[in-house]
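Same order as they appear, the protein sequences are chains F and A. Numbered continuously in this note's numbering, the first sequence closes out at residue 246. Numbered continuously in this note's numbering, the second sequence closes out at residue 246.
No lab work stands behind these hints: they were computed from the structure. Keep in mind that the hints are not guaranteed to be accurate.
Put simply, identical chains are the same to the list, so a pair is met inside one copy or across any two.
What the hints assert, rightly or not - Pairs of lysine to any residue, SDA-like flavour, derived with a Cα cap of 25 angstroms: (1) K138 - E73; (2) K44 - F85; (3) K8 - D127; (4) K16 - D86; (5) K160 - G99; (6) K70 - K114; (7) K130 - G202; (8) K114 - Y67; (9) K164 - H83; (10) K164 - R6; (11) K160 - Q201; (12) K70 - K235; (13) K107 - I79; (14) K107 - D27; (15) K130 - D29; (16) K51 - N229; (17) K130 - S31; (18) K84 - S15; (19) K136 - Y67; (20) K70 - Y135; (21) K107 - F40; (22) K160 - P149; (23) K186 - Y36; (24) K107 - K138; (25) K37 - E73; (26) K164 - P149; (27) K138 - D29; (28) K165 - V246; (29) K77 - M66.
Bear in mind the structure is a predicted one, so any value in this text is a computation, not a measurement.
Protein chains: 2
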Amino acid sequence: MRFKDKLNNASKKNNSLLCVGLDVDLSKAPQYKSIFDFNKAIIDATKDLVCAYKPNIAFYEMYGAKGLEELIKTIEYIHKFDLPVILDAKRGDIGNSSAAYAKAVFEVYKADAVTVSPYMGEDSLKPFLDYKDKGVFVLCLTSNPGAKDFQHPIFKDIAKKFGNAGLVVGATRPEELKEIRKIAPNALLLIPGVGTQGGDLGSIVKIGGKNIIINASRSIIYSENPGEAAKKLRDEINEKIV
Amino acid sequence: MRFKDKLNNASKKNNSLLCVGLDVDLSKAPQYKSIFDFNKAIIDATKDLVCAYKPNIAFYEMYGAKGLEELIKTIEYIHKFDLPVILDAKRGDIGNSSAAYAKAVFEVYKADAVTVSPYMGEDSLKPFLDYKDKGVFVLCLTSNPGAKDFQHPIFKDIAKKFGNAGLVVGATRPEELKEIRKIAPNALLLIPGVGTQGGDLGSIVKIGGKNIIINASRSIIYSENPGEAAKKLRDEINEKIV
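Just chain F, same shape as in the assembly (with noise of 0.2 angstroms):
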């Protein structure tokens, strides 16, 4: 299916605009065997109250071969859920190496939508973008304090470039927000930063609209209840919303 259409069917079903982020790290989880057991409590938690999951692949990486096949179990389960799985790689090269990693992401991995970094310019993003059924959130704005080092004013060319695919843009930003919705005011949004990195949730999601994913990552998995802690984000949002 469909990247779209699946994000759409769970956005409706699940009456949510929240994504969890899956970026274990198994040290502040030790009562956890591995990783996939991890994951597998917080969907089972979750599954009816989230629009899509976002592991970050280097949570994955850093075990190495076994990570990686932690993470595509992890995928495999996801979509039992018919739920879709945004990969977060923030990849991006040369041509050809971009359409290895763009392999890797939808044909291995086999996740329905991914981040990818823009340095590199157009020309590295495409063999993403030729995926047509997938999804791709080229990174335009990012949460962390560095966003202010070498992304302006260059995020309002992203987000005129690739504003028919999807932005990246951190919760933390509210007036670039405004001046991205403007540029591109159909571009779906993937916002993380509103959790553990102190964006004001009430502000983004008045900005942003309907067309946004709003991702939280640790402070719903290391919380004691990840159900209850994303079952009130959900309701938050929603209310925020209306």
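We have chain F; now place chain A onto it with these hints.
Just chain A now, kept in the frame of chain F:
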């Protein structure tokens, strides 16, 4: 051993500024049973001619967990000859994710150096730079056509900020290379793009000086005689320098 020492030793011993990119696509080399077999043949033919090897991890990820095992095996094999490995990964993410990537690259895959993407700013690269014995090459100005999309003029800020680490500068950009050398006279430059991508070796070496690593991938690994092709390019580089 520190990356820089390893690189200098290899460079002296082999009288070489040439790095060979191990970016194998097995469909182009059907006579080999595995990536490692292919790489081993290339390494055996070129190990007395290079200062480093540069596998691009995209070409391993496209084979999933199995591909990563071949990468690790390849790096182990290269280390037997005391040659340094620059893992071309173009990683970069928020702090805790970059820390996970750095751990993967340096502690799991055991690379001596890595390429990183600066779009997310200084804090996104710190976890890599914190490995003081390792090498870090920051994408500055790349060799592909898309370099013109978003890299101007920020490649100058990047050269300023990360000139003490290493910089990636495409061989297809001699004019900008001049500017980068002015801004960062002592930076170690990793220069891809002289082979298949068509950068002019003469101007590059003249401008870049001796503190450079010239990378070639496809023009050597898919040559009928990789050893001969590597020797020819190594000698050409040395001739241009004198």
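A quick look at each hint next to the structure:
1. Taking CA atoms no more than 25 angstroms apart as the test, K138 paired with E73 passes inside one copy only; the shortest distance there is 21 angstroms, against 28 angstroms between copies.
2. Only within a single protomer do K44 and F85 lie at most 25 angstroms apart by alpha-carbon distance; the minimum there is 12 angstroms, versus 43 angstroms between protomers.
3. Taking the shortest alpha-carbon separations for K8 and D127, only the intra-copy value of 23 angstroms comes in at or below 25 angstroms, while the best inter-copy value is 33 angstroms.
4. Taking the shortest Cα distances, K16 and D86 sit within 25 angstroms of each other inside one copy (12 angstroms), while across copies they are farther apart (57 angstroms).
5. For the identical chains of this complex, K160 and G99 are neighbours both inside a copy (24 angstroms) and across copies (24 angstroms), given an alpha-carbon limit of 25 angstroms.
6. Taking the shortest alpha-carbon separations for K70 and K114, both the intra-copy value of 17 angstroms and the inter-copy value of 16 angstroms come in at or below 25 angstroms.
7. In this assembly of identical chains, the alpha carbons of K130 and G202 lie at most 25 angstroms apart only when taken from different copies (21 angstroms versus 33 angstroms within one copy).
8. For the homomeric pair K114 and Y67, the shortest alpha-carbon distances inside one copy (19 angstroms) and between copies (12 angstroms) are both at most 25 angstroms.
9. Neither within a single protomer nor between protomers do K164 and H83 lie at most 25 angstroms apart by alpha-carbon distance, with minima of 32 angstroms and 46 angstroms respectively.
10. For the identical chains of this complex, K164 and R6 are intra-copy neighbours only, at 24 angstroms inside a copy versus 44 angstroms across copies, given an alpha-carbon limit of 25 angstroms.
11. Taking the shortest alpha-carbon separations for K160 and Q201, only the intra-copy value of 23 angstroms comes in at or below 25 angstroms, while the best inter-copy value is 30 angstroms.
12. When the C-alpha separation of K70 and K235 is checked against a cutoff of 25 angstroms, the pair qualifies neither within a copy, at 32 angstroms, nor between copies, at 38 angstroms.
13. Taking the shortest Cα distances, K107 and I79 sit within 25 angstroms of each other both inside one copy (16 angstroms) and across copies (23 angstroms).
14. In this assembly of identical chains, K107 and D27 lie within 25 angstroms of each other by CA distance both inside one copy and across copies; the values are 22 angstroms within and 15 angstroms between.
15. Within a single copy, K130 and D29 get their C-alpha atoms only as close as 32 angstroms, which misses the 25 angstroms cut-off; across copies the closest is 19 angstroms, which meets it.
16. When the C-alpha separation of K51 and N229 is checked against a cutoff of 25 angstroms, the pair qualifies only within one copy, where the shortest distance is 14 angstroms, while the shortest distance between copies is 55 angstroms.
17. Proximity of K130 and S31 under a CA criterion of 25 angstroms is satisfied inter-copy only: 22 angstroms between copies versus 37 angstroms inside one chain copy.
18. Taking identical chains as interchangeable, the C-alpha atoms of K84 and S15 lie at most 25 angstroms apart only when both belong to the same chain, with a minimum of 16 angstroms there against 53 angstroms between chains.
19. Proximity of K136 to Y67 under the C-alpha cut-off of 25 angstroms is restricted to the inter-copy arrangement: shortest distance 22 angstroms between copies versus 31 angstroms within a copy.
20. In this assembly of identical chains, K70 and Y135 lie within 25 angstroms of each other by CA distance solely across copies; the values are 24 angstroms between and 27 angstroms within a copy.
21. Within a single copy, K107 and F40 get their C-alpha atoms as close as 23 angstroms, and across copies as close as 20 angstroms, so both meet the 25 angstroms cut-off.
22. For a Cα distance limit of 25 angstroms, the shortest separation of K160 from P149 qualifies both inside one copy, at 18 angstroms, and across copies, at 20 angstroms.
23. Taking the closest pair of Cα atoms, K186 and Y36 never come within 25 angstroms of each other, the shortest separation being 45 angstroms inside a single copy and 53 angstroms across copies.
24. Proximity of K107 and K138 under a CA criterion of 25 angstroms is satisfied intra-copy only: 12 angstroms inside one chain copy versus 29 angstroms between copies.
25. Within a single copy, K37 and E73 get their C-alpha atoms as close as 14 angstroms, and across copies as close as 22 angstroms, so both meet the 25 angstroms cut-off.
26. Both within a single protomer and between protomers do K164 and P149 lie at most 25 angstroms apart by alpha-carbon distance, with minima of 23 angstroms and 19 angstroms respectively.
27. Proximity of K138 and D29 under a CA criterion of 25 angstroms is satisfied inter-copy only: 24 angstroms between copies versus 28 angstroms inside one chain copy.
28. Neither within a single protomer nor between protomers do K165 and V246 lie at most 25 angstroms apart by alpha-carbon distance, with minima of 31 angstroms and 45 angstroms respectively.
29. When the C-alpha separation of K77 and M66 is checked against a cutoff of 25 angstroms, the pair qualifies both within a copy, at 16 angstroms, and between copies, at 17 angstroms.
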